[in-house]
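Q: First to last, the protein sequences are chains A, B and C.
If you're matching positions, the first sequence starts at 745 in my numbering and goes up one per residue.
If you're matching positions, the second sequence starts at 745 in my numbering and goes up one per residue.
If you're matching positions, the third sequence starts at 745 in my numbering and goes up one per residue.
These are calculated hints, taken from the structure and not from any lab test.
Do not rely on the hints blindly, as some may be mistaken.
Intra- or inter-copy, both count: the list cannot distinguish identical chains.
As the list claims (entries may be wrong) - Taking lysine-lysine pairs in the PhoX-like style, the calculated list, with each CA pair at most 25 Å apart, reads:
| # | residue 1 | residue 2 |
| --- | --- | --- |
| 1 | Lys889 | Lys851 |
| 2 | Lys892 | Lys917 |
| 3 | Lys1148 | Lys987 |
| 4 | Lys1118 | Lys811 |
| 5 | Lys917 | Lys987 |
| 6 | Lys876 | Lys1118 |
| 7 | Lys889 | Lys846 |
| 8 | Lys1033 | Lys851 |
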Amino acid sequence: MKLSNSYSAFQEDIEEIENYFDRLWPLLRSITGEGVRKTHDILSEIIPLERMEIPSGTCVLDWEVPKEWVVRDAYILTPDGEKILDVWENNLQLVNYSTPFKGTMSKSELENHLYSIPELPDAIPYVTSYYKPRWGFCLPDYMRKSMKEGSYDICIDTEFIQGSMTLSEAVLKGESEREVFLSTYTCHPSMANNELSGPLALAFLYKRLAALPNRRLTYRFVFLPETIGSIAYLAYNGEHLIKTMDAGFTVTCVGLDAPFTLKKSRQGNSVVDRTAEYILQYDNTFPYKILEFFPSGSDERQYCSPGYNLPVASLIRGLYAEFPEYHTSLDNKDLISFEALSQSIEIYYKICLALEKNVIYRNVIARGEPFLAKRNLLLGTGAQRKVENEMILLQWLLNFSDGKHDLISIANRSGQDFWLLDEIAQRCLEADLIEIVHG
Amino acid sequence: MKLSNSYSAFQEDIEEIENYFDRLWPLLRSITGEGVRKTHDILSEIIPLERMEIPSGTCVLDWEVPKEWVVRDAYILTPDGEKILDVWENNLQLVNYSTPFKGTMSKSELENHLYSIPELPDAIPYVTSYYKPRWGFCLPDYMRKSMKEGSYDICIDTEFIQGSMTLSEAVLKGESEREVFLSTYTCHPSMANNELSGPLALAFLYKRLAALPNRRLTYRFVFLPETIGSIAYLAYNGEHLIKTMDAGFTVTCVGLDAPFTLKKSRQGNSVVDRTAEYILQYDNTFPYKILEFFPSGSDERQYCSPGYNLPVASLIRGLYAEFPEYHTSLDNKDLISFEALSQSIEIYYKICLALEKNVIYRNVIARGEPFLAKRNLLLGTGAQRKVENEMILLQWLLNFSDGKHDLISIANRSGQDFWLLDEIAQRCLEADLIEIVHG
Amino acid sequence: MKLSNSYSAFQEDIEEIENYFDRLWPLLRSITGEGVRKTHDILSEIIPLERMEIPSGTCVLDWEVPKEWVVRDAYILTPDGEKILDVWENNLQLVNYSTPFKGTMSKSELENHLYSIPELPDAIPYVTSYYKPRWGFCLPDYMRKSMKEGSYDICIDTEFIQGSMTLSEAVLKGESEREVFLSTYTCHPSMANNELSGPLALAFLYKRLAALPNRRLTYRFVFLPETIGSIAYLAYNGEHLIKTMDAGFTVTCVGLDAPFTLKKSRQGNSVVDRTAEYILQYDNTFPYKILEFFPSGSDERQYCSPGYNLPVASLIRGLYAEFPEYHTSLDNKDLISFEALSQSIEIYYKICLALEKNVIYRNVIARGEPFLAKRNLLLGTGAQRKVENEMILLQWLLNFSDGKHDLISIANRSGQDFWLLDEIAQRCLEADLIEIVHG
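Construct all of the structure, not just a fragment, from the sequences and the given hints.
A: Okay, structure coming up:
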């Protein structure tokens, strides 16, 4: 029986995920502000997050933490006096980080502040302007086309205050100080695959890993605004990550019922790359593809910048910008599937289990084979015309446990099942035939 | 003319091999005992073996040399008083290393001590029990099924004595102390491909190599019981092998008229791997396949254990367990072909010849090409519209004799014939254009 | 706009090339002598050559500079008194480096001194005898067959004098002392692809590179007799080349309207190999093939001899001996195309431009991405649903400018256009985001 299967008995309640989704959906998130704090508050019901508030203006690496954005109201009154584009009706309707504005303008003046997508006439686009002060509204193109001439009253009651940027993390201790680093972002407003699927997957992955009777590795879960958040996190904790990280992932876009895409780390052949590839290939029934690292994408851009070059990969369903609903109001609850989200949690979980077991051993009796009979380790039934599979596993393990090959590389080289190799390794450890060199 | 061909004029007398086969066939071999000694006595007529007796109980690496097994008689009397399963009629009929037993039992009690193969109803299986004390008989399944109810008299007159385990070796000195190591086992009773083909090939390969007018390399031929024998050999001579071995083979299963399988050494790209691959690919008309090292198999398991990791490969015809007659009475004289055995000797011989010539040279005039005209080395007829092949060989040799590439790697990179490259190298050596760096 | 295209506006006048071709054609070139000097005189009108005369008898590496060959006259009078095989009518008709001879002989005696090609009955072969004293005449096979019996008067008025061997070079200085080395030979008499195409291409490439407003690299152009010339050049300048050469080419056989063949340097993956491969693959519309280094060929045999192992490749149209007219009177003006020659100059020029820009950069802000907004480097239009291509180029450049990857390797890894990557690099240099590590 595969250990991975035994643990997999544990399964999230899909309804529970959906409930959290519904509560998180309406919050007006951005890279700073109350919407983020409320999001982290709700997630804290699932995972014990510790919060870190970084004051506006703090220098982090090459960047500066921006002012905190406060939104009190935002809407437009049409020439007929109708209230449209109310931020509280759909928070995508206000350009994120809009400057305050109050005034009246003609339709043609207003046009410079409107954003829509002619190819997707029903979609409200998601637009931000973090580092260039401007204001604007987003709306479906069909609606924009129906706006008539006349005078529009604009109200954007926003403010930039000397506040702070919110990051949260939880650490699940293991026997070793070697860490698995899991990062997701919480800065997008009401979107589903490219926002809530990531934090929800990470929070529920915590529950699974916390339920393990014991853990070799330490797991670090971080929730932060994209880009500026990971920059800030690295400014404070980059040295720690360099020293302790065995494997890492940015977890985002995992809610689509689409093939898995493994985007490898910049290192390309690190433990995280080889382990994720093994699980996708041998312990997964879903279609997948594997991409070499590329420097666009999400927060792995920061973790894999050349000065860090951390082993951070990403496992994605619906690569950013590959699904047409990306960064629009169409990336909503209808688009994603909670079953798909649960599968994604399962695959991430399996990878973590494999990382748990992916140790480098050294065969203590490296000269010749050990005399197994005196250790009750003559595996198999003892029929003599065929070496039994257990014996073959044992031979692979002993021959390649030379202090250089980790268990995943032995599985890959031998074509043998990783979980079975681990079972044999446990028996050899008990029999003092092998010892842990690195793990 | 290829040197390999010139030497190949020498050819064993197939009848002579067959005569030795017939004399060795009936001996009751095991990992210890008189059968082994008689086998080595007969082989000594072909190859001057020096014997090494290791006392029972001697510690060798993680193992201990077992007691010596003495067989005086073994048979069963049926309820009708018929004598069956007489060890002297066919020595596979007694489980190898059976404990002594004398007594009477019913057919159903006896069943626990009988071994047969339902899928091969005519075959007597080969069963051993070296490290778990038990006794038993092996028989064709059809015969087992015909045994009737009643009382059977069992006689197993065996004994375990404080004796010794027998290993033998012969060393054929060359100019250099660098060694080619050739190992075969002599512990299986009456079987043909998976026993006698190995020792016979090795003994007759000795004759060929001894007939060479001179040898660069030293050749070490060892005959020993599988597993415990190579373990013991390594315990005494492992350090010597580490220091001196250029290339090695375990020679076994070479009598079938089947494709050649090269099982590479654990190192994978050592001289032995590259040389054997070259010969199979370019100097061989028989089908072949090449496998990366795997840690099950024969004594290469010990030689390639991670603490030694010696460059020991194997060239096999009928991989263990790939021919259905493996480890049964069907692996007999009818199964093998003495022509095939002779071909195997030829291929091993060619590999040895290539190893003889596989030297790393250094071009003495490494800056620019040497001025060949003053050395009478302008090879070819001097026609000018086409560089002659001899000149091309010379250019490859001189350009890549940089102290790093051995001759096999130059042959592989250039696609030029290895034996012709060697001829050119000999002329360059005489002209002091190149010198030997390692060989 | 691609930089390569902008520079390419410059184009040689094909008629000008043809005029030089016509003037160089009739000269009787050899490895020494007045024909070579006159050739270099004419080429000096295009490229400012500095001449180096190495006295006969000078030891150069393993070789010795031969005596200078002086030809005053050479012809045969037939039994009918007709003058044939006059060297001044076609200089291929005299075996190059023929010893002097005056005398009368029968047709059958003369036969030992005649060279023709039965398979190419119209062709005069090109035959030399630099290091074995002999004399001879070359003629079309059809003409040889028509010679009648009788007495022939032979006149070869040649002399070997204590003169010198002529080499010339021009150096085009750049900001850096790192050099691009370009070598061609001027020792073949009246042949077109395998003689004049090389020197003409190199001389006109000089004009293009000299017209560049500035150059990072220094360019060294050398014109010398094949083999003995490059040997001599290395004897005097080999250490300098080892210290300064970034990339090199032997330029020869570039006048045929045939596919390009890149023959890589012995190093195989040096800057010159990767750059030429990039240009052929991505910035070239002509067919091409790529060959690994082989040690026959032209002067790269010397530059790539193991004691130098310089990064010298060759880009050829009509590999030596691959076109049937090779080394005969059929390799003439009709065979080549001046348009093809101009294309070859263009490709060599593009490779030089790429070498100019192929720098290793280091991202100064290696930890995390730089904050681009404050540097006005947020490239692209800022539309948010798709990362703009300029931004992607910037991300590739910054992520892989780690002090190890040169720009060509970033182009190859990313699949992005090299010239656009360079444009981005220039903007980043100005913004102090990257610095030059090696270039």
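Q: Hints first: check each against the structure and report whether it holds.
A: Outcome of the hint check:
In this assembly of identical chains, lysine 889 and lysine 851 lie within 25 Å of each other by CA distance solely inside one copy; the values are 11 Å within and 97 Å between copies. Proximity of lysine 892 to lysine 917 under the C-alpha cut-off of 25 Å is found in neither arrangement, the shortest distances being 60 Å within a copy and 68 Å between copies. Both within a single protomer and between protomers do lysine 1148 and lysine 987 lie at most 25 Å apart by alpha-carbon distance, with minima of 20 Å and 23 Å respectively. For a Cα distance limit of 25 Å, the shortest separation of lysine 1118 from lysine 811 across copies, 15 Å, qualifies, whereas the shortest one inside one copy, 70 Å, does not.
Taking the closest pair of Cα atoms, lysine 917 and lysine 987 come within 25 Å of each other only inside a single copy of the chain (16 Å); across copies the shortest separation is 48 Å, beyond that limit. In this assembly of identical chains, the alpha carbons of lysine 876 and lysine 1118 lie at most 25 Å apart only when taken from different copies (10 Å versus 74 Å within one copy). Taking the shortest alpha-carbon separations for lysine 889 and lysine 846, only the intra-copy value of 23 Å comes in at or below 25 Å, while the best inter-copy value is 101 Å. Taking the shortest Cα distances, lysine 1033 and lysine 851 never come within 25 Å of each other, neither inside one copy (47 Å) nor across copies (61 Å).
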